[in-house]
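Novice: If you want the building blocks of each chain, they are given just below.
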Amino acid sequence: MTTPLAHYLILAALLFGVGLAGALARRNAILVLLGLELMLNAANLNFIAFWRFSSHPGELTGLMFVLFSIAIGAAEAAIGLALVIAIHRHRRTAQVDRFDSLKG
Amino acid sequence: MLNEIAFLLCATLTLAGAVAAMTLRNLVHCALCAAGAFAGLAAIYLQLDAEFAGFAQLLVYVGAVAILIVFTILLTRGAEIQPAASPSWRMGVTVGALVTACLIGSIAASPGLHGSPPQTVQAPVKRIGEQLMNQYVMPLEAIGLLLTAALLGAVIIALREPPKPEPPAP
Amino acid sequence: MEFIVKHIWLIPAAPLLAAGAGALLPKRRRRSGAGLAVGAVGVSFLLSCAAFWATLHGGRATSHFRWFDFGATSAQLGWMLDPLGAIMAVMVALVSLLIFIYSLGYMAGDGNFTRFFCFMSLFAAAMLGMVLANSLLLFFICWELVGLASYLLIGFWFQKPAAAAAARKAFITTRIGDLGFLVGMLALYSKTGTLLFYDGGGGCLEQGVIGGVAVSTAIALLIFCGAIGKSGQLPLHVWLPDAMEGPTPVSALIHAATMVAAGVFLVARVYPLMTPQALQVVTWVGALTAVFAAAIAVAQNDIKRILAYSTVSQLGYMMMGLGAGGVAVGMFHLTTHAFFKALLFLGAGSVIHGCHDEQDIRKMGGLRKRMPVTFAAYAAGMMALCGVPLFFSGFWSKDAILGAADHWSASRGPFYLGLFGAFLTAFYMTRQVCAVFFGKPATGEAERARESAPVMTAPLLILAVLAVAAGFFGTPAWPWFQRYLEGGRAGFDLSRLLDGRALTVMLLSTALVAAGITWGGWIYGRAGRGTDPFEKARPALFACLRRKFFVDEFYAATVVRLTAAFAMFCDWLDRVVLDGAVRAVSWLAVALARLNRSVDESVVNGGFDAGTEAVRGSGAWVSRFQNGQAQRYLRVIGLAFCGLLILLLWGSP
Amino acid sequence: MSGADQIFVWIGHEAAGWAPAPAQPLVSAILAIAGIMAVFGACFALTTVAERKILGRMQNRFGPNRVGPYGLFQPLADGVKMLTKEDIVPFSADKTLHFLAPLVLTVPVWLAFAVLPFGRNMSALDLDCGVLFFFAIGSASELAVFMAGWSSQNKYSLVGAMRAIAQMISYEVPLVLSTVPVLMLAGSLSLNGIVAAQGSHTIGGLARWNVFTPWGLAGLLLFLIAATAESNRSPFDLPEGESEIIAGYLTEYSGFKYALFFLGEYLGLFAVTGLAVTLFLGGWHAPFQWLEWAPSWLWFGAKFSVLIFLFIWARATLPRLRLDQLLNFSWRFLAPLSLINLAVAAAWHWTGAWESAAAAPVRWLLCAALIALPAHWLGRALRGRLPPPRKYRYAE
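Chains as they are written, first to last, in our numbering: chain P, 1 to 104; chain H, 1 to 170; chain D, 1 to 653; chain Y, 1 to 396.
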């Protein structure tokens with residue numbers, strides 16, 4: 001085990017950046033959700049890495065957080081995609097910039 | 001050394017999958033690439049001795065979320081109509097790059113990230129189960145509730161609404 | 001054996017499970033519902049027999065567990081196995097089982113068959129839980145559950161207004177007694193700090209006199225209030241005869257054999273708490289109730305009402321036995337009474353069923369030939385109730401009570417009241433049997449009566465055998481029952497039977513019973529149809545008895561009217577005083593508001609108009625940022641995050 | 001005993017011993033992989049011919065009997081035919097995905113064999129969370145099926161793939177839930193741990209296999225039904241129903257890729273059968289203590305063969321279901337029943353504290369009733385839901 005913590009963190013940062021850029025740049029709502037999932041996964045990677053490199057990994061704190069976070073990710077995907085389907089049914093589109101009824 | 005190579009392979013798979021998922025034109029390709037990225041991430045978890053989390057990641061993201069996304073793509077006919085990038089995609093990519101730069105900068109600025117980890121780590125499944133049932137039992141219950149709510153909510157939201165009854169003729 | 005001693009809770013658990021499952025069954029699953037209930041109570045019966053067998057060999061057990069904590073103390077519940085509970089459990093389970101089987105026939109035509117068995121199972125579970133409870137709190141919980149089951153079952157035919165009213169009356173009346181019980185329980189808890197009966201020397205029954213004789217007596221009497229309500233003692237007896245609106249098996253199970261006996265059982269269970277002063281009250285209440293109810297029974301015409309008053313009267317005897325003679329005397333009469341009163345009620349149900357739901361004894365007659373099995377069983381029950389000597393259980397148990405009253409040092413009154421009650425009992429039962437089974441049929445219904453189905457008559461015959469045989473377990477010559485409760489063994493000794501004083505009492509009561517039966521037979525055996533011969537002779541007295549000594553009217557005139565008057569007073573208070581005040585305040589407020597408006601319109605509005613204009617302008621400007629584009633929001637968040645991070649990194653040295 | 005029993009372990013150990021010390025773990029891993037691939041590859045070949053012969057017998061005809069003695073070389077002939085066929089890729093297909101799909105299906109299935117214990121000390125990889133690994137790896141097959149169906153750009157393929165995915169997702173729920181009682185009572189996710197938990201003996205030397213308990217029996221049945229559906233075998237083979245959607249997602253495949261799909265399906269069946277043996281049938285343990293002298297891998301093979309025969313038998317016997325029947329059966333019958341089975345296992349565990357002599361049969365009967373009654377009721381409710389038999393107007 002020679003890979004230092006910094007490498008994992010940088011990988012997570014890059015993954016987060018890619019997810020964020022995708023969520024900001026793509027028009028399709030499904031891809032925006034996919035970007036969000038990538039960001040969530042980047043955060044998970046951080047948790048696992050910090051847990052592994054902490055001085056008392058026997059506590060399992062980071063691991064537990066990731067398990068819960070995976071469950072939340074699944075719930076988020078289910079609800080988000082259901083919303084996309086429902087919106088698509090009403091407005092015949094899945095493009096986020098067309099979902100703009102809620103504005104001032 | 002071997003370890004470093006494995007890490008680089010997994011990291012490349014993950015990042016390449018993520019970048020492809022965010023850039024490809026065909027939505028189905030995007031979803032499959034994302035599944036690849038999730039699988040790569042699971043491999044990295046394994047490398048970090050988090051077997052349980054790794055397999056859970058594989059089961060949930062590759063087995064469930066990816067399939068869900070694929071289904072949604074087919075249901076919204078996203079596979080046929082190709083949406084262009086968002087009109088303001090340059091700004092989005094800029095912001096993403098900025099955030100990444102900030103993060104990497106802060107990582108670089110932090111001291112003490114280069115030490116080696118504790119040699120052994122004890123995370124047997126039995127201990128995870130015990131912790132879930134003792135210390136983390138309330139979060140576990142909350143997650144159970146959340147998943148149930150999400151299940152019902154997703155079904156209700158995506159349910160085809162019944163046709164509205166005709167208003168009575170005046 | 002070890003198993004049942006350890007797991008005594010299984011006895012009430014089986015019917016409780018059946019009740020729960022029965023509640024979930026759809027209405028049309030009649031066979032499953034009934035099978036479940038009968039099977040569960042059968043299991044309970046077998047387990048109770050096992051427990052009884054264990055107590056015969058000295059098996060005793062108490063167990064308890066924490067229910068919940070409050071602060072440093074905790075509410076404890078527990079189970080107990082002792083002879084008193086075991087014999088009671090066997091009796092309750094056996095009578096329940098027989099009545100469940102009988103109900104299969106009796107309720108066969110009812111649409112809510114499944115619901116009926118669900119309620120009955122609930123009742124059986126609560127009753128069994130009560131007799132096996134080792135905690136006054138658990139006892140009280142089961143007690144209230146029993147009350148609830150009784151309410152549900154009396155009002156089972158809730159579409160009948162009379163049944164609904166009777167259910168309400170029963171519930172409210174017993175609640176008055178339960179209030180006393182609850183207060184007594186709380187007082188007991190505050191004095192002893194525990195509600196467990198037996199807890200290795202620390203239970204509330206094992207501490208002797210609690211905080212002085214006066215306090216102890218007060219607690220005992222408060223708890224006795226609960227018994228008065230549940231067992232229909234004077235002055236809270238009014239609900240019990242009305243409860244006959246429920247189906248007959250319910251009357252037999254709840255309002256004759258088991259639930260109403262719960263009050264007696266309560267007194268027996270907390271007997272160590274009963275001070276001599278409290279026992280005097282118990283004895284007097286019991287004796288007065290015995291005579292009072294027996295007298296009313298003389299003038300009733302509804303077959304079930306007669307039995308109901310008879311039940312009230314016999315419960316009075318039990319109380320008297322407890323007060324004057326001790327646990328064994330009262331419990332023995334409770335047990336024998338459970339068998340023969342269940343028998344009588346089921347017999348009455350059979351008669352009612354045979355006569356197509358006719359309950360008025362004046363419209364029956366001559367059923368002896370048409371329903372021979374019912375008649376034979378009914379006659380056995382009647383003789384047991386009257387106390388016909390030697391071969392019927394009622395004789396031995398009633399004799400034990402009279403003997404105890406005879407030996408009671410405080411007063412001779414209860415003894416004479418008891419003797420008079422015995423005479424009245426014989427008289428009214430003879431009157432009923434003559435009217436129902438002898439003579440000629442009074443109506444076409446009675447003429448067309450047919451014997452009931454075997455599923456109904458078989459329990460009758462079993463109960464008839466028990467009504468006769470139960471007596472032999474507690475004769476003075478072989479007082480097995482009494483010794484069993486005390487944990488000893490009984491020897492057979494005929495000489496105790498011939499002891500001078502006891503023999504006198506026995507002969508005296510025999511003579512009175514004989515007189516009652518003869519006189520009743522003489523009056524009613526020859527009477528034709530029409531006005532009651534007794535009514536002809538003493539119209540005023542008879543009317544008074546028929547109207548039940550005007551107790552209901554008395555309550556209506558006092559308690560009910562007082563409550564109504566108080567309610568009207570409150571209403572008046574509400575309407576005139578409170579409403580007036582409110583109206584005055586509101587008028588004042590309106591006047592002030594008028595003044596306010598004039599100030600508002602002229603002075604404040606102008607300022608506010610200018611202000612809102614400014615706010616609206618700025619709002620319109622700000623709202624341009626909220627354009628509904630989620631991605632733009634996210635972008636701003638990302639930028640803000642960068643800013644924050646830079647600030648953090650730059651700000652920290 | 002240990003000679004024959006440990007012979008493969010010994011061979012592997014000796015063979016790896018020849019290699020230089022740093023490479024020894026690698027060599028032993030390669031040997032294990034080679035062993036598994038050889039055995040189950042041969043198994044695949046044998047099963048294809050055995051299935052055809054058994055089906056033939058059951059349908060009152062001879063199976064293949066021309067090539068070699070008793071037609072035993074039939075798979076070789078088939079293989080040669082498959083490999084020499086032209087590999088057709090449709091013009092409008094998504095070429096990359098079309099190529100990747102059979103690989104994505106086959107490779108993870110091979111991985112799943114890594115955690116199965118085939119005999120005493122004979123598992124390639126003793127993972128602490130082996131069962132989770134098994135299911136996690138298995139979830140890739142859904143993606144593979146989707147890739148195959150979608151990339152073909154053929155509507156029958158797409159319909160077949162969607163059917164297959166709906167079916168796999170639906171039946172994954174009872175499949176996983178029916179394993180949970182075993183995990184719960186063994187207190188382990190490791191397959192070796194689960195086998196060890198079934199290693200003790202009771203009266204008469206009878207082994208304590210999970211299948212000898214009410215929940216275990218019910219769990220095995222649920223597991224086998226769900227496994228049949230997971231591996232798309234008859235009577236749940238409607239994703240590739242030839243008569244309806246001309247072989248579903250396999251329509252546009254031929255030659256070697258088709259053979260890979262074929263291989264993947266059979267291997268999936270083997271893997272899930274091996275899991276059933278491990279979870280419910282005591283793994284490599286003998287059924288009686290006095291039979292422990294026989295080599296453990298032989299026991300595993302025997303149970304494995306019996307279960308495979310059961311699958312073939314079911315294929316010969318049962319007609320294919322309709323899609324609504326299929327989904328109703330999973331969601332309204334199997335899933336609730338496996339949840340109830342979980343509760344029954346809890347009851348079994350709880351009643352394990354009973355001590356008296358009569359407790360064992362009472363406990364057995366109680367738990368059996370707890371699972372049999374809901375099964376009866378759910379079955380009745382399911383039957384009540386079926387549409388009435390269809391009436392054909394012109395077919396009287």
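Source of the hints: derived by calculation from the structure; they are not laboratory data. Among these hints, one or two may not hold up.
Unchecked claim - Restraint-style ranges between C-beta atoms, simulated for each label pair:
id: 1; chain 1: H; residue 1: Arg77; chain 2: Y; residue 2: Gly255; range: 29 to 37 Å
id: 2; chain 1: D; residue 1: Pro26; chain 2: Y; residue 2: Leu310; range: 48 to 56 Å
id: 3; chain 1: Y; residue 1: Ala358; chain 2: H; residue 2: Asn3; range: 56 to 64 Å
id: 4; chain 1: D; residue 1: Phe70; chain 2: P; residue 2: Arg98; range: 53 to 61 Å
id: 5; chain 1: D; residue 1: Thr73; chain 2: H; residue 2: Gly144; range: 30 to 38 Å
id: 6; chain 1: Y; residue 1: Leu310; chain 2: H; residue 2: Arg77; range: 37 to 45 Å
id: 7; chain 1: Y; residue 1: Leu125; chain 2: D; residue 2: Gly628; range: 48 to 56 Å
id: 8; chain 1: Y; residue 1: Ala358; chain 2: D; residue 2: Tyr189; range: 34 to 42 Å
Just so it is clear, CB atoms sit at the ideal spot from N, CA and C, and this is done for glycine as well.
Novice: For each hint, tell me whether it holds in the structure or not.
Specialist: Here is how each hint holds up against the structure:
One distance hint, 29 to 37 Å for the beta-carbon pair Arg77/H and Gly255/Y, holds here, with the actual separation near 33 Å. For the pair Pro26/D and Leu310/Y, the supplied restraint of 48 to 56 Å is violated, since their beta-carbon distance comes to about 37 Å. Roughly 60 Å separates the CB atoms of Ala358/Y and Asn3/H, a value that falls within the hinted 56 to 64 Å. Range check, Phe70/D to Arg98/P: about 59 Å between beta-carbon atoms, so the 53 to 61 Å window is met.
Between Thr73/D and Gly144/H, the C-beta spacing of about 34 Å keeps the proposed range 30 to 38 Å intact. Between Leu310/Y and Arg77/H the beta carbons are some 43 Å apart, a value that agrees with the proposed interval 37 to 45 Å. At roughly 53 Å, the beta-carbon separation of Leu125/Y and Gly628/D lies within the given 48 to 56 Å, and the hint holds. For Ala358/Y and Tyr189/D, the Cβ-Cβ distance of about 41 Å falls inside the hinted range of 34 to 42 Å, so the restraint holds.
Violated hint for the displayed structure: number 2, the only one.
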